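Chemist: Put together the whole structure using the sequences plus the hints.
The primary structure of each chain is shown beneath.
Protein chains: 2
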Amino acid sequence: MIRIGILGYGNLGRGIECAVRQNPDMQLAAVFTRRAPETVKILTEGVPVYPAAEAAAHADEVDVLVLCGGSATDLPTQTPEFAQWFHVVDSFDTHANIPVHFDEVDAAAKASGKMALISAGWDPGMFSLNRLYANAVLPCGADYTFWGKGVSQGHSDAIRRIEGVKDARQYTIPVPAALDAVRSGSQPQLTTRQKHTRECFVVAEEGADLARIENEIKTMPNYFADYDTTVHFISEEELQRDHSGIPHGGFVIRTGKTGWNLEHNHIIEYSLKLDSNPEFTSSVILAYARAIYRLAQKGESGCRTVFDIAPGLLSPQSPEELRAHML
Amino acid sequence: MIRIGILGYGNLGRGIECAVRQNPDMQLAAVFTRRAPETVKILTEGVPVYPAAEAAAHADEVDVLVLCGGSATDLPTQTPEFAQWFHVVDSFDTHANIPVHFDEVDAAAKASGKMALISAGWDPGMFSLNRLYANAVLPCGADYTFWGKGVSQGHSDAIRRIEGVKDARQYTIPVPAALDAVRSGSQPQLTTRQKHTRECFVVAEEGADLARIENEIKTMPNYFADYDTTVHFISEEELQRDHSGIPHGGFVIRTGKTGWNLEHNHIIEYSLKLDSNPEFTSSVILAYARAIYRLAQKGESGCRTVFDIAPGLLSPQSPEELRAHML
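Residue numbers (my numbering), protein chains in the order written: chain A, 1 to 327; chain B, 1001 to 1327.
If you are wondering where the hints come from, they were derived from the structure by calculation, not from laboratory data. Note that the coordinates shown come from a computational prediction; the quantities given were computed from them, not determined experimentally. Even glycine gets a Cβ: it sits at the ideal position worked out from N, Cα and C. It cannot be assumed that every hint is accurate.
What the hints assert, rightly or not - Quick look at which bits of chain A chain B covers, simulated, 3 or more residues with Cβ under 8 angstroms:
| hint | segment |
| --- | --- |
| 1 | 95-103 |
| 2 | 115-127 |
| 3 | 135-144 |
Said to hold, decoys possible - Pairwise CB distance ranges, derived in the manner of DEER restraints:
| hint | chain 1 | residue 1 | chain 2 | residue 2 | range |
| --- | --- | --- | --- | --- | --- |
| 4 | A | Thr191 | B | Pro1316 | 26 to 34 angstroms |
| 5 | A | Glu300 | B | Arg1034 | 41 to 49 angstroms |
| 6 | A | Asp228 | B | Arg1183 | 21 to 29 angstroms |
| 7 | A | Thr191 | B | Gln1027 | 48 to 56 angstroms |
| 8 | A | Lys110 | B | Ala1036 | 51 to 59 angstroms |
| 9 | A | Thr191 | B | Ser1184 | 32 to 40 angstroms |
| 10 | B | Gln1027 | A | Pro316 | 37 to 45 angstroms |
| 11 | A | Asn222 | B | Gln1297 | 41 to 49 angstroms |
| 12 | B | Gly1245 | A | Glu236 | 55 to 63 angstroms |
| 13 | B | Ser1184 | A | Gly10 | 28 to 36 angstroms |
| 14 | B | Asp1025 | A | Ala57 | 46 to 54 angstroms |
Modeler: See the structure below:
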């Protein structure tokens, strides 16, 4: 049994807790929290909740610690810190900062002799893998990634910061015509606006100026100004009833050419349609927790990404079983 | 530069030759053939064509030898034989016999200290990888593989063996309703007939009994009897004009559930739409040729499959570049 620890019990931490139950070779060993442990009520019976500050003292109770904090401020310090004591997996998703994060985690894990894997999830993660495989297989081609339909937490938060907004939910939606153009193999150049639309469901404060709110959303730089954005004002009840889920997904498509005169077209498409973004991310993380546990057993240490992990290491099946049944 | 050798210059061998041009770190070093070398006209200038029987004498001219024979009779003997002298990659695709083939190639490659990789391509190959990743990520779910629309060489050959048939082309086609049912997440049980239809384009001999031919096709055990099959009789000119390509493709879909009470559905879908089956297979093979070349440089030996290869090894980019740009 691989004993899994969770650091941070939010949506992702709960997702890990649920996913552990689906992996018969894993068990939840401990939850670590920065809150007062007695205020954290977890779903699994009989599993201790410890203060995060005392995690090092419980290192021998856990085989792999999953870091469930955020990429903005938590993981850049947490992952190197906890790699001192644990084999760790995180879902660091600030793409531009991955090289720096990798180096810091790698140094910490090498110093402690622990294994670490960063940026597990679906983007980065499964989408990255599909970009890499498709690029390796079709050197002459073009890549496209579309996100959605799904909830963007960052964009929802940006709307909530507008004066007069009580709550909000933002969906990122791929433009069907853009998907069709990509799938045609014509390798179109697509602008930001052509690829995705943004749909916002907003609960306004009583008496707020709706026209101003809508204008502030649609003209917000980086977040909305470059997109065709739709704003719907709805009641708090409607938001709760119709928009409380955290779905997401998307498409990674590479089209490329082969042949002596590049006369043949090929389309590789990978897509995800996820009812729960954090639960799917958790499921990916646990597969990689299994892989780094195995590498640690072999005496390896240092930081890895999904690009470094042989796929067979993710499966509870043996290499012989995989060759016989899944190849 | 990785020097690529080709053994067997048919559709797949030509595909390898074309794909080498798209990989700037590779060059074609030699073609080996069982035919009289002077009768084999290859596309690349200045590359020698040698008798297959003399391949061992040219082992130092080649870094990785790609075996382009068939899975029925060629590869079971060729891959172990040539692994005596070369690092080898094949596209062995008789799924049921992969374990035996693996063991034989592994023994040969370990004895010679060479690297080997078997069953590269798209099924087995990219489809296998996607089955494995999706299973590791969603332990509670169901798998579906659909093939087509594409030309099945085996089924086309079976039709050609019927008396009165001059030529034929058979397409395997996924049933759209079955794809939709799978994508709904309902995890349907589908029969052979529900998943695929078969469409046949047949050129009959002058005066042949068309009704008998059609009946023989539709009732042929294993090949057609379990499917809804359509037969079109066309002229030789029409066959040449409309059906001379070798397209193929298909879909690997896994749907699964997560959550404390398995309340959330997820759909992972991978699809290929290929103008040229042998050229795409060749492109996959070369990415794996790069990987085993690198492993050989590190002193590794023995047989591998796509499940054993860390994805980063497939790319000409460095791990640093991949983390910065593709993760």
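Chemist: Could one say that the CB atoms of Asp1025 (chain B) and Ala57 (chain A) fall in the range 46 to 54 angstroms?
Modeler: holds (50 angstroms)
Chemist: Do Ser1184 (chain B) and Gly10 (chain A) keep their Cβ atoms within the hinted range of 28 to 36 angstroms?
Modeler: Check passed, 31 angstroms falls within 28 to 36 angstroms.
Chemist: CB of Asn222 (chain A) to CB of Gln1297 (chain B), is that within 41 to 49 angstroms?
Modeler: holds (45 angstroms)
Chemist: Does 51 to 59 angstroms hold as the CB distance between Lys110 (chain A) and Ala1036 (chain B), or does it fail?
Modeler: holds (58 angstroms)
Chemist: For Thr191 (chain A) and Pro1316 (chain B), compare the CB-CB distance with the range 26 to 34 angstroms and indicate the outcome.
Modeler: Holds - the Cβ-Cβ distance for Thr191 (chain A) and Pro1316 (chain B), about 30 angstroms, lies within 26 to 34 angstroms.
Chemist: Tell me if the beta carbons of Asp228 (chain A) and Arg1183 (chain B) are separated by a distance inside 21 to 29 angstroms.
Modeler: Since the Cβ atoms of Asp228 (chain A) and Arg1183 (chain B) sit about 27 angstroms apart, the hinted range of 21 to 29 angstroms holds.
Chemist: Determine whether the Cβ-Cβ distance between Gln1027 (chain B) and Pro316 (chain A) falls within the hinted range of 37 to 45 angstroms.
Modeler: At 41 angstroms between Cβs, range holds.
Chemist: Are Thr191 (chain A) and Ser1184 (chain B) spaced within 32 to 40 angstroms by their CB atoms?
Modeler: holds (33 angstroms)
Chemist: Quick one: are Glu300 (chain A) and Arg1034 (chain B) within 41 to 49 angstroms, going by C-beta?
Modeler: holds (44 angstroms)
Chemist: Please check whether the segment 115-127 of chain A has three or more residues whose CB lies within less than 8 angstroms of a CB on chain B.
Modeler: Since 3 is at least three, the answer is holds.
Chemist: Starting from the hint 48 to 56 angstroms, judge whether the C-beta atoms of Thr191 (chain A) and Gln1027 (chain B) obey it.
Modeler: Roughly 39 angstroms apart at Cβ, these two residues miss the hinted range, so it is violated.
Chemist: For the segment 95-103 of chain A, count the residues whose Cβ lies under 8 angstroms from any Cβ of chain B; is that count three or more?
Modeler: With 4 residues close enough to chain B, the hint holds.
Checked against the numbered hints listed earlier, the structure breaks hint 7 alone; every other hint is satisfied.
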